[in-house]
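This is what each chain is made of:
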Amino acid sequence: KQEVTQIPAALSVPEGENLVLNCSFTDSAIYNLQWFRQDPGKGLTSLLLIQSSQREQTSGRLNASLDKSSGRSTLYIAASQPGDSATYLCAVTISGSARQLTFGSGTQLTVLP
Amino acid sequence: NAGVTQTPKFQVLKTGQSMTLQCAQDMNHNSMYWYRQDPGMGLRLIYYSASEGTTDKGEVPNGYNVSRLNKREFSLRLESAAPSQTSVYFCASRDRGTNQPQHFGDGTRLSIL
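Protein chains in written order, with the numbering used here: chain P, 1 to 113; chain F, 114 to 226.
There may be inaccurate statements among the hints.
What the hints assert, rightly or not - Far from chain P, by Cβ distances over 12 Å, these chain F residues were calculated:
#1 Pro121
#2 Gln135
#3 Leu182
#4 Glu186
As the list claims (entries may be wrong) - Think about it this way: if two alpha-carbon atoms lie no more than 27 Å apart in a straight line, the pair counts; the simulated BS3-like pairs of lysine-lysine are:
#5 Lys68/P to Lys1/P
#6 Lys170/F to Lys122/F
#7 Lys184/F to Lys127/F
#8 Lys170/F to Lys184/F
#9 Lys122/F to Lys42/P
#10 Lys42/P to Lys170/F
#11 Lys184/F to Lys42/P
#12 Lys127/F to Lys170/F
#13 Lys127/F to Lys42/P
#14 Lys1/P to Lys170/F
Read the hints as simulated data drawn from the structure, not as lab findings. In this text, all values refer to a predicted model and were calculated from it rather than measured experimentally. All C-beta atoms in this analysis are idealised placements derived from N, C-alpha and C, irrespective of residue type, glycine included.
Produce the complete structure using the sequences and hints provided.
In structure tokens:
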């Protein structure tokens, strides 16, 4: 059974700092990995999707990497801002006709002004 | 540009009552999903529908039923609510193709007393 782990569960950094969020998964047989952002009381917003054949994806200040063989992904946030404060979840798409997602429990990020 | 719409946003039930959570998407997506999110945990898949006319169990289906009414709508029913079903419920949809991201609604916050 695929298990996804995110460490740390919570992270607090001063504004302007570069930071890395970590995600690990137990089964390398994935189609892709997604990073989501969740604001309090809201749904999930997809930030980046990395296909299994890719090593990284970039969007603005965000860069996500994928190392399938070691079962790891990182989300790098450059020059963090208070508006980046949210919970960040990673999820892997496992085999199956409906492409179900298996989620980690998230990292709650607070960027202090 | 509604995306995925869930109703209601909040609901309080008494143990043993029944309820149907509604979900509709306007993106002509084939696949739809129901997840629950509990404190400190990632999202867990309850049921999914790979295409109109099909439904399948996910990781935590006990106590729930679903109906894929048409391509747009996918409902989740609690026949006899239990306190353990207190959670935030998210609906998602996804277009065809292995590397299409899932799009999420804003959730239904359900409390069962």
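* Asked: Of the hints given before, which are not true for this structure?
  -> 7
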